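The residues making up each chain are set out below.
There are 2 protein chains.
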Amino acid sequence: MAYPSPFPVIDDDQLPSLVPMADAIALMEQAFRLHAAGKLIAPPRLQSEVKTGTLMFTCGAIDDPTGNIGFRVYDWKQLSSPDRSEMTPLFSSRDGRVEGLCVGPLLGAWRTGAIGGAILKHVTSIESGKLALVGTGYQARTQLLAAVTALPFEEVEIYGRTIAKASVFVNEMKTQLADAGHPDVRINLANSIEQAVRDADAVISATTSRQPLYREEWLSENVHLHNVGPKFRKAHEIPVEVIDTCDTITTDALAQALSYDNFLLNGTAAGERLREFSELMQSVQESDKPKRRWNAIRTERSYCCSIGLAGTELLIARAAIQARIASESNSLG
Amino acid sequence: MAYPSPFPVIDDDQLPSLVPMADAIALMEQAFRLHAAGKLIAPPRLQSEVKTGTLMFTCGAIDDPTGNIGFRVYDWKQLSSPDRSEMTPLFSSRDGRVEGLCVGPLLGAWRTGAIGGAILKHVTSIESGKLALVGTGYQARTQLLAAVTALPFEEVEIYGRTIAKASVFVNEMKTQLADAGHPDVRINLANSIEQAVRDADAVISATTSRQPLYREEWLSENVHLHNVGPKFRKAHEIPVEVIDTCDTITTDALAQALSYDNFLLNGTAAGERLREFSELMQSVQESDKPKRRWNAIRTERSYCCSIGLAGTELLIARAAIQARIASESNSLG
Numbered sequence: 217m218a219y220p221s222p223f224p225v226i227d228d229d230q231l232p233s234l235v236p237m238a239d240a241i242a243l244m245e246q247a248f249r250l251h252a253a254g255k256l257i258a259p260p261r262l263q264s265e266v267k268t269g270t271l272m273f274t275c276g277a278i279d280d281p282t283g284n285i286g287f288r289v290y291d292w293k294q295l296s297s298p299d300r301s302e303m304t305p306l307f308s309s310r311d312g313r314v315e316g317l318c319v320g321p322l323l324g325a326w327r328t329g330a331i332g333g334a335i336l337k338h339v340t341s342i343e344s345g346k347l348a349l350v351g352t353g354y355q356a357r358t359q360l361l362a363a364v365t366a367l368p369f370e371e372v373e374i375y376g377r378t379i380a381k382a383s384v385f386v387n388e389m390k391t392q393l394a395d396a397g398h399p400d401v402r403i404n405l406a407n408s409i410e411q412a413v414r415d416a417d418a419v420i421s422a423t424t425s426r427q428p429l430y431r432e433e434w435l436s437e438n439v440h441l442h443n444v445g446p447k448f449r450k451a452h453e454i455p456v457e458v459i460d461t462c463d464t465i466t467t468d469a470l471a472q473a474l475s476y477d478n479f480l481l482n483g484t485a486a487g488e489r490l491r492e493f494s495e496l497m498q499s500v501q502e503s504d505k506p507k508r509r510w511n512a513i514r515t516e517r518s519y520c521c522s523i524g525l526a527g528t529e530l531l532i533a534r535a536a537i538q539a540r541i542a543s544e545s546n547s548l549g
Numbered sequence: 217m218a219y220p221s222p223f224p225v226i227d228d229d230q231l232p233s234l235v236p237m238a239d240a241i242a243l244m245e246q247a248f249r250l251h252a253a254g255k256l257i258a259p260p261r262l263q264s265e266v267k268t269g270t271l272m273f274t275c276g277a278i279d280d281p282t283g284n285i286g287f288r289v290y291d292w293k294q295l296s297s298p299d300r301s302e303m304t305p306l307f308s309s310r311d312g313r314v315e316g317l318c319v320g321p322l323l324g325a326w327r328t329g330a331i332g333g334a335i336l337k338h339v340t341s342i343e344s345g346k347l348a349l350v351g352t353g354y355q356a357r358t359q360l361l362a363a364v365t366a367l368p369f370e371e372v373e374i375y376g377r378t379i380a381k382a383s384v385f386v387n388e389m390k391t392q393l394a395d396a397g398h399p400d401v402r403i404n405l406a407n408s409i410e411q412a413v414r415d416a417d418a419v420i421s422a423t424t425s426r427q428p429l430y431r432e433e434w435l436s437e438n439v440h441l442h443n444v445g446p447k448f449r450k451a452h453e454i455p456v457e458v459i460d461t462c463d464t465i466t467t468d469a470l471a472q473a474l475s476y477d478n479f480l481l482n483g484t485a486a487g488e489r490l491r492e493f494s495e496l497m498q499s500v501q502e503s504d505k506p507k508r509r510w511n512a513i514r515t516e517r518s519y520c521c522s523i524g525l526a527g528t529e530l531l532i533a534r535a536a537i538q539a540r541i542a543s544e545s546n547s548l549g
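Chains A and B are the protein sequences, given in the same order. Counting from 217, one number per residue, gives the positions in the first sequence under the working numbering. Counting from 217, one number per residue, gives the positions in the second sequence under the working numbering.
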């Protein structure tokens with residue numbers, strides 16, 4: 217059943233073809249540049265308790281000539297509902313018109329994956345061969361797609377606590393990666409986290425674990441650790457001691473990270489070295505020899521605390537809406 | 217140009233036929249009953265400054281067996297843009313699904329009009345003959361339609377500061393009221409506010425005036441004063457002395473009214489008598505002789521401070537979405 221709408225309504229089935237992951241990654245690089253220039257506005261998240269639910273709003277604005285404001289919203293109390301949805305409407309900041317909206321839980325994860333891919337491109341050597349992915353949930357899917365889109369990984373080793381679930385994940389992702397133009401990536405199921413992360417050039421940790429899962433001696437000297445799962449003092453998947461061994465410690469959303477109660481790195485030595493990735497990107501770009509500096513960063517060990525910079529959803533929603541409008545115009549000849 | 221949407225997207229052209237004003241008034245009476253029973257949830261309004269705009273959210277929930285949560289949102293900085301829109305998405309509070317949405321500025325005004333009509337029905341005698349409407353803006357339109365839908369007014373006298381604008385308003389509203397099934401209401405343009413309100417059974421004040429516009433001696437003993445426009449200490453259209461002469465002093469949204477800085481009635485004798493309309497409705501209903509008590513209230517002078525009870529938009533949005541779904545099912549046979 218489809219109803220007519222005066223503006224595009226993009227659902228999860230349409231999003232990947234309208235904004236393929238490579239485009240989403242490029243948009244997230246653009247987001248970091250805008251954020252560093254103060255043109256991606258991301259105020260603190262809002263929350264409204266309405267007795268039978270809790271509406272969570274992540275608002276933002278893109279302060280560029282096109283000019284949009286909008287937000288992502290979902291009912292926090294429905295996070296475990298299989299039928300739950302999210303919505304991301306986009307308003308024009310020139311005239312207040314609704315330009316379109318995205319609906320469904322994919323946009324948030326697509327964006328978080330693309331942020332991971334964009335960061336990986338800058339902090340990991342492109343000759344790198346092996347990716348480790350720990351976790352086989354919803355976020356792990358878009359992280360994996362983004363990583364192999366960002367860099368020419370030859371091999372991905374995946375660990376999931378539940379073997380049956382991990383096998384399904386591997387089979388589904390083989391198909392998805394092949395469909396997305398990456399048929400040659402070898403995907404293996406690891407028997408342990410240690411096996412998965414040994415010799416890996418990058419480790420994406422996308423679990424729900426409240427206990428640290430990694431030992432420093434398992435990790436390569438120049439590994440990139442991408443922390444998608446829990447990052448609180450009382451619940452975290454990567455131990456602070458391991459983070460502390462990293463030369464570069466970043467997050468995509470510093471203010472949001474610091475606003476968390478019990479944020480893992482608060483009051484730690486690693487926390488004192490925590491930088492916003494967009495700011496690092498800008499400082500490298502403004503240096504005399506940016507290429508040499510990126511190469512230096514790529515040969516070091518790095519860590520990124522993935523938060524989900526607010527406002528980034530709007531860039532992807534806008535691209536999807538514009539692509540939808542363009543395809544409609546084309547089909548009209 | 218229409219795009220396909222997985223749920224109904226109701227715009228301002230469709231709303232009046234999906235939820236005619238008589239239905240909207242009945243829904244607002246239901247809203248007052250739900251609110252009195254603690255089942256229409258309306259927390260304080262949220263606001264997010266995003267540099268190039270200000271997103272305003274009015275969140276709410278309907279805690280009934282159908283169960284919905286949602287909000288109305290608009291960019292406050294675009295209030296004067298002719299192209300601006302508003303959006304009211306509706307989520308199911310059972311499974312977090314998006315059930316549909318309304319888009320456009322009409323829903324808020326349709327709701328505020330319907331609240332005015334619902335209150336008028338209870339506080340004004342149905343034998344009443346003359347309505348005065350002061351103001352000819354966007355809110356005045358829905359207030360007028362709601363008033364003649366709620367009660368069999370024979371005559372409406374309208375005053376607008378700008379004669380040309382007021383004439384256009386009168387002509388447009390004659391057509392609109394005829395189309396809505398009220399062809400016999402006589403609509404006249406008054407030369408002064410005094411002329412408009414003399415002998416009126418109800419006065420709807422829907423101006424933007426920051427100066428008090430009314431004198432006590434112009435008003436009937438049993439008039440109902442409906443205050444849609446400014447109601448702040450430094451900017452108000454109805455003087456406190458006039459409000460103080462009223463026997464019944466109500467508002468549709470007491471908590472919201474009291475949360476305003478500089479709310480006109482704060483610290484006044486009239487303010488001490490200010491009651492929530494839903495609470496008055498419930499207390500009359502629970503009395504021994506509700507009919508006699510309503511009749512007593514109808515023969516007294518009354519005042520209502522119209523705020524726009526949060527959550528009420530959701531009841532109208534839900535009815536519109538359900539009507540749209542039902543009409544689609546019917547057309548499929």
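FYI, nobody ran anything at the bench for these hints, they're computed from the structure. All values derive from a computational prediction rather than experimental measurement. Honestly, I wouldn't trust all of these hints.
Covered stretches of chain B, going by a simulated chain A footprint (3 or more residues, C-beta under 8 Å) [said to hold, decoys possible]:
| # | segment |
| --- | --- |
| 1 | 231-245 |
| 2 | 270-280 |
Counterexamples of contact, computed for chain B against chain A with all Cβ distances above 10 Å [said to hold, decoys possible]:
| # | residue |
| --- | --- |
| 3 | M217 |
| 4 | A218 |
| 5 | S221 |
| 6 | F287 |
| 7 | K293 |
| 8 | N407 |
| 9 | Q472 |
| 10 | E492 |
Glycine included, every Cβ here is placed at the ideal spot set by N, Cα and C.
Hint check results:
| no. | hint | verdict |
| --- | --- | --- |
| 1 | 231-245 | violated (count 0) |
| 2 | 270-280 | holds (count 6) |
| 3 | M217 | 7 Å, violated |
| 4 | A218 | 4 Å, violated |
| 5 | S221 | 4 Å, violated |
| 6 | F287 | 6 Å, violated |
| 7 | K293 | 8 Å, violated |
| 8 | N407 | 37 Å, holds |
| 9 | Q472 | 14 Å, holds |
| 10 | E492 | 18 Å, holds |
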